[in-house]
Amino acid sequence: MQFGPSFVLNNLQIADLVSAKRIGFNFVEFYIGDFWRDMSELELQLIAIRDILDSYDLFCIIHLSHLNSQLMVDSDLWTNYVDKLTEQIEMIGKLGLTKKIVFHGVFGRTENPKEITPENAFEIKIAAIKEWLQVAQKYKMELLLENTDESVKDLTKAFKALPKIGFTFDIGHANILFPTSAAKKPELNISNMMQSFKKKLKHIHIHDNFSGINERADKHMPIGTGSIDFFRFFKLLKEMKYDDTITLEIYNPLFLSTYLESSFKVVKEILEKQDPNKLRNV
71 MQFGPSFVLN
81 NLQIADLVSA
91 KRIGFNFVEF
101 YIGDFWRDMS
111 ELELQLIAIR
121 DILDSYDLFC
131 IIHLSHLNSQ
141 LMVDSDLWTN
151 YVDKLTEQIE
161 MIGKLGLTKK
171 IVFHGVFGRT
181 ENPKEITPEN
191 AFEIKIAAIK
201 EWLQVAQKYK
211 MELLLENTDE
221 SVKDLTKAFK
231 ALPKIGFTFD
241 IGHANILFPT
251 SAAKKPELNI
261 SNMMQSFKKK
271 LKHIHIHDNF
281 SGINERADKH
291 MPIGTGSIDF
301 FRFFKLLKEM
311 KYDDTITLEI
321 YNPLFLSTYL
331 ESSFKVVKEI
341 LEKQDPNKLR
351 NV
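Residue 250 in the working numbering sits at position 180 of the sequence shown; the count goes up by one each step and never skips.
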């Protein structure tokens, strides 16, 4: 398995990349949260990042902004939004930055405007994602849908409509029992989701929380400081023979480097207890 930290691109400091190399990560994931950002400015930053990562022998994964259903009320605004993200994917492909692009489909939420039915919102999102997929495939990049508040049923419907996209499993999101979740316990929601889409699983986000029933519970805490059973999680990964990328998606601007290092230490201790040989590749 290969591990990396997550950084918000707008807040990125060179020291973050230095820390990633020092801690021993294999890659870095960058979240482009501002989808209206000036493209020329974004391109210059990504070129600089690419050159630094090359010198550190690190690769990267790109995380796009989530699909914002509220923008569907205005067709022109929605079209501009979809075009902007399409343009970002095109630029990322031309720069040769990554092989994996992660995005939130938010297919389980009830945030759709009253003017648009859930089914219409679903179809509008699918059409946008298909447009992005065409661009990603042109540059041989994988487009990976990340679970937010979706149930297994929600994701099954999305993957049926989008058979050529992969899956990013976010254990922190799966640990939160949203109203759409079918499972009554967080650990059941986690295992059900992982097993249901193991053939599509190409990337994983790990962070901790104390569960809950809405987005406020999504704390992105250091590994081992919440209620998630990571020993059980990595055991399940071993049974599934998963050997791909895992991002430590921990957000704390004051102590980020310290929390990333301590979290990675916890992960390595778990892997060593389960299989000492695994650490040869970590």
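Quick caveat, the hints were computed from the structure, so don't treat them as lab data. Treat each hint with caution, since some may be false.
For lysine to any residue, the following SDA-like pairs were computed, each having C-alpha atoms within a straight-line distance of at most 20 Å [to be verified]: (1) Lys272 / Thr328; (2) Lys184 / Val143; (3) Lys255 / Gln265; (4) Lys269 / Ser221; (5) Lys223 / Glu257; (6) Lys200 / Thr149; (7) Lys91 / Lys270; (8) Lys184 / Lys200; (9) Lys169 / Leu123; (10) Lys154 / Leu123; (11) Lys338 / Leu324; (12) Lys169 / Gln72; (13) Lys91 / Ser297; (14) Lys200 / His136; (15) Lys169 / Val78; (16) Lys269 / Ser297; (17) Lys164 / Ile122; (18) Lys270 / Lys305; (19) Lys272 / Ser332; (20) Lys200 / Leu247; (21) Lys338 / Asn284; (22) Lys305 / Lys343; (23) Lys230 / Lys184; (24) Lys272 / Gln72; (25) Lys154 / Lys230; (26) Lys289 / Val336; (27) Lys234 / Phe267; (28) Lys223 / Phe267; (29) Lys164 / Lys227; (30) Lys343 / Phe300; (31) Lys169 / Val205; (32) Lys164 / Ser221; (33) Lys270 / Lys184; (34) Lys184 / Asp121; (35) Lys269 / Asp313; (36) Lys227 / Lys208; (37) Lys311 / Thr328.
Label-pair distances were calculated between CB atoms; the ranges are [what the hints assert, rightly or not]: (38) Gln140 / Ala85: 33 to 39 Å; (39) Gly94 / Lys255: 19 to 25 Å; (40) Ser297 / Gln204: 36 to 42 Å.
We treat Cβ as the ideally placed atom computed from N, Cα and C, and that holds for glycine.
Structure-based check of all given hints:
| no. | hint | result |
| --- | --- | --- |
| 1 | Lys272 / Thr328 | violated (27 Å) |
| 2 | Lys184 / Val143 | holds (9 Å) |
| 3 | Lys255 / Gln265 | holds (16 Å) |
| 4 | Lys269 / Ser221 | holds (17 Å) |
| 5 | Lys223 / Glu257 | holds (17 Å) |
| 6 | Lys200 / Thr149 | holds (14 Å) |
| 7 | Lys91 / Lys270 | violated (29 Å) |
| 8 | Lys184 / Lys200 | violated (25 Å) |
| 9 | Lys169 / Leu123 | holds (14 Å) |
| 10 | Lys154 / Leu123 | violated (25 Å) |
| 11 | Lys338 / Leu324 | violated (24 Å) |
| 12 | Lys169 / Gln72 | holds (14 Å) |
| 13 | Lys91 / Ser297 | violated (29 Å) |
| 14 | Lys200 / His136 | holds (15 Å) |
| 15 | Lys169 / Val78 | holds (19 Å) |
| 16 | Lys269 / Ser297 | violated (27 Å) |
| 17 | Lys164 / Ile122 | holds (18 Å) |
| 18 | Lys270 / Lys305 | holds (19 Å) |
| 19 | Lys272 / Ser332 | violated (25 Å) |
| 20 | Lys200 / Leu247 | violated (29 Å) |
| 21 | Lys338 / Asn284 | violated (30 Å) |
| 22 | Lys305 / Lys343 | holds (10 Å) |
| 23 | Lys230 / Lys184 | violated (26 Å) |
| 24 | Lys272 / Gln72 | holds (12 Å) |
| 25 | Lys154 / Lys230 | violated (26 Å) |
| 26 | Lys289 / Val336 | holds (18 Å) |
| 27 | Lys234 / Phe267 | holds (13 Å) |
| 28 | Lys223 / Phe267 | holds (11 Å) |
| 29 | Lys164 / Lys227 | violated (31 Å) |
| 30 | Lys343 / Phe300 | holds (12 Å) |
| 31 | Lys169 / Val205 | holds (13 Å) |
| 32 | Lys164 / Ser221 | violated (35 Å) |
| 33 | Lys270 / Lys184 | violated (33 Å) |
| 34 | Lys184 / Asp121 | violated (46 Å) |
| 35 | Lys269 / Asp313 | holds (13 Å) |
| 36 | Lys227 / Lys208 | violated (25 Å) |
| 37 | Lys311 / Thr328 | violated (30 Å) |
| 38 | Gln140 / Ala85: 33 to 39 Å | holds (35 Å) |
| 39 | Gly94 / Lys255: 19 to 25 Å | violated (34 Å) |
| 40 | Ser297 / Gln204: 36 to 42 Å | holds (41 Å) |
Hints 1, 7, 8, 10, 11, 13, 16, 19, 20, 21, 23, 25, 29, 32, 33, 34, 36, 37 and 39 from the list above are not met by this structure, while the remaining hints are.
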